[in-house]
Amino acid sequence: MRIQPLFVALAALALAGCASDPAPLEQMRLSEQAVEQAKAVGATDDVAELKLAEDKLERARSNMLGESFRDARMRAEQSELDARLAEAKVLTLKSQEQLTLLQSRVDRLRKQLGEQQ
Amino acid sequence: MSSIKPLALLAIVGVLGLQGCASERSEVALDQASSAFQSVKDDSNVLRSAPRDVIRAGESLAKAERLATYWGTGSDVRHYAYLSQRYSEIAREHSNLVLTQERQAKLELERQRLQLALREAKLSSVQQQGKWLEEQIISLATTDTDRGLVMTLGDVLFDTGEADLKSSASRTVLKLVQFLQLNPKRVVRIEGYTDSTGNPDDNLKLSRDRAQSVADMLVDLGIDEKRTKVIGYGDQYPVEANASERGRAQNRRVEIVFSDEKGRLGAER
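In order, the protein sequence lines correspond to chains D and Y. FYI, the numbering used here numbers position 17 of the first sequence as 17, with every residue one higher than the one before it. FYI, the numbering used here numbers position 171 of the second sequence as 171, with every residue one higher than the one before it.
Isolated chain Y, as found in the complex (with noise of 0.2 Å):
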C-alpha cells in the first residue's frame, strides 16, 4: 500500500468521482425503473394480463443492475432501465384495457338486462292501453246474448245501392285494426245488411259487397285475411220498419261479431 504514489491516488480519486457522477444519473434511472417494476410485479391484474411484459421488466432491469456493477457502463445501465421501466409501462397499460374491457363486457349484461326489461314494462303499457281501447270498442259495440259482441258500422256508411265505405268510416275501422292487432287471438265476422228497396237478389249481393269491403278494408290495414269471415244477409233482419228514410237507413249497415279471446265465433244467424 505503501508503495502507491500520491498522484496515482488522486488519479484513482478524480477517476471514482468522475464515475460517481455519471453514475448518479444511472442511479435515479435504476431507482425508477426499480419502483416500476415493484408496482407491476405486486399488482395480481397486471401479472394475469401481461406476464411477458412483466418478465422482460424484470429482466431488463436485473441487467441494468447487473451493468451497474462495472466501471464504465453509465449507457447501458440507462438504456436498461430505460427498457425495464417502459416494459413496466407497457405491462401496467395492458392491464388498464383489459380491466376496462372487463366491465365493457359487464356493463353489456347490465345494458340487455336493462333492455329487456324495459320491453317488457312497455309492451306491459301497450296491454294496458289494449285494454283502454277495448273499453272504447266494447262502448261502440252492443252485447246480444246470442251472437256476443256486435259493433255496428252504421248508416252513414253507405250510400243507397253503393257498396264503397265513405271516408268517414276510417275512423272506426282504424280502431278496429288497432283492437284486432292487440288482441291477435281474436277474429271477426262481417255481416252486411241492406234495407228492402230493389229485388232481394241484388240486396244479398250487395250486402255481401258491403262487409266485402269492410274486410279489404281490414285486410289493406295489416289485419290477416284468415280472421276474417264475410256474409251477407240482403234484407234480412232489420234493425228498424222500412217504411221511413230513417228506417231505411238503419238497415243499410254492417255488423262486426267479435270472437271470444280464444277466437271462438258465435253461429251464423
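Just chain D, with the same shape it has in the complex (with noise of 0.2 Å):
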C-alpha cells in the first residue's frame, strides 16, 4: 500500500514532464512480462530477438528515468513484439524437435513391421 504515494508521485512527474506524452507504465509492464513469458518458455540470449527485447527494454528503462516518455513508449513496444516473436520462434523450434522426435519414432516402427512381415 506504500506504493501508491509512489504510484501518485510518478503520474505527477510525468505530467508534469510532458503534457502530450504520459508515463507508458502499462506499456513498460506489458513489455516487461512479454520478456519474461520468453523466458519462461525457454528462449535465452541465443535467440536474436530476445536479445533485441531485453536491449530495448533496457534502453525504455532508462528514458523512462529521464522522462523520455515518448521514446520509452517507442522502445517499449518494439521490445514487447521482439520478444513475442523471440517466444514464438522458440515455441516452433521446440515443436518441430517433437516432430521430428515422432518421425524417427514412426520410421522405426514402420522399419520393424517391415522386418516381422
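Treat each hint with caution, since some may be false.
To be verified - Away from chain D, derived, C-beta distances all over 10 Å, residues of chain Y:
1. T73
2. I90
3. H94
4. E110
5. A117
6. R147
7. T172
Said to hold, decoys possible - Cβ pair distances, simulated, as ranges:
8. Y:G130 with D:Q112: 16 to 22 Å
9. Y:E134 with D:D107: 33 to 39 Å
10. D:D46 with Y:S44: 31 to 37 Å
11. D:Q112 with Y:L140: 29 to 35 Å
Unchecked claim - One-sided excerpt, in silico: chain Y residues whose CB lies under 8 Å from chain D:
12. L118
13. V230
14. Y233
Bear in mind the hints are in silico, worked out from the structure with no lab data behind them. Glycine included, C-beta positions come from ideal geometry on N, C-alpha and C.
Each chain sits in its own coordinate frame; assemble them with the hints.
Following this line, the structure appears as C-alpha cells:
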C-alpha cells in the first residue's frame, strides 16, 4: 500500500514532464511481461529477438528515468513485439524437434514392421 | 507565384531535399512491412491460426502509411512499420507452430496405428512359436486313446520314497509352463504313481505327494492353481513289471494329462 503514493508521484512527474506523452507505465509492464514469458518458454540470449527485446527494454527504462516518455513508449512497444516473436520462434522450434522425434519413432516402427513381415 | 522570393524557394527545396533523404529510410521500412503484411494476409493458414496478429499488422501498417503523408514524421513511420512487420512475423510463426502441431497429431495417430500393427504381428509370431512348442510337447507326450494327450515325467525325476522333484525335471516343467501360458484354456490333471515297494497306503500318499510337487512347481512358475488337478494312484497301473529295478524306476512317475483346447479333460482312470 506504500506503493500507491509512489505511483501518484510518478504520475505527477509524468504530467509535469510532458503534457502530450504520459509515462507509458502499462506498456512497460506489458513489455516486461512479454520478456519474462519468452524466457519462461526457454528463450535465451542466443535468440536474437530476445536480445533485442532486452536491450530495448533496458533503454526504455533509462528513458523512463530521463522522462523521455515518447522514446520509452516506442522502445517498450518494440521490445514487447520482439519478445513475443522470440517466444513464438522458440515454441515453433521445440514443436519441430518433437515432430522430428515422432517421425523417427514412426520410421523405426515401420522398419520393425517391415522386418516382421 | 511571382511574389515568392528565390531565397524562400531555395529554402523550400532544401527542406524537401532533407525530407526526401529521411523518407527514403521510411520508404524502405514501409515497403518491407507492406510486403510482409501481403504475404501473411494472403496465406489462409496464417489467417486461420493468428487472425488477431494479422489484423494488428494491417492496422500498424495503415498508421505508418498515414503518417508518411505528413512532414517530419520519419521516426514514427519507421516505428509503426517496425511494429507491423513484427506482427506479421509473429503471425507467420504462430501459423508455423499450428502446422507443426497438426502434423504431430497426424503422426501420433500413425504411430498408434503402427504400434498396434506391430503388436499384432509379434503376437502372431508368438502364436507360431506356440505351435512349435506344442509340437515339442506332443513329441514328449503320447496319445492315449482313452485319456487324450499324456506326458510322462519319467523315472529320473524322483528317488525311491521321495516326493521332491529332482532339479533335472526343471527343463521339462519349464516347457510345460510355457505351453500352458500359450494355451490359456488348456488345463492339466497331474497323476502320481509309485512302484510296488512299501505298503499300498504309503504308496498312495507318496504318489499324491509326487503329483502335488509337480503342481506346486507349476503354480510357482505362474500357472493358475485352478488349472491343475492332482490325483494319486499309488502303485496301480504300472507301465512295467515291478520285478526289476529298471521296471520299478519306470513305474515311479508322474503323468500329465492335457485337456483339449477348450479345457475339457478326459475321464479319470
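Structure-based check of each hint:
1. T73: holds (13 Å)
2. I90: Label violated. Min Cβ-Cβ 5 Å, cutoff 10 Å.
3. H94: violated (6 Å)
4. E110: At about 6 Å from chain D, Y:E110 fails to clear the 10 Å cut-off, so the statement is violated.
5. A117: Violated, because the least Cβ-Cβ distance between Y:A117 and chain D comes to about 6 Å, which does not exceed 10 Å.
6. R147: holds (39 Å)
7. T172: Non-interface label on Y:T172 holds, nearest chain D Cβ at 31 Å vs cutoff 10 Å.
8. Y:G130 with D:Q112: 16 to 22 Å: holds (21 Å)
9. Y:E134 with D:D107: 33 to 39 Å: At 36 Å between Cβs, range holds.
10. D:D46 with Y:S44: 31 to 37 Å: holds (33 Å)
11. D:Q112 with Y:L140: 29 to 35 Å: About 34 Å separates the Cβ atoms of D:Q112 and Y:L140, which means 29 to 35 Å holds.
12. L118: holds (5 Å)
13. V230: Hint on Y:V230: violated, closest Cβ of chain D at ~41 Å, above 8 Å.
14. Y233: violated (47 Å)
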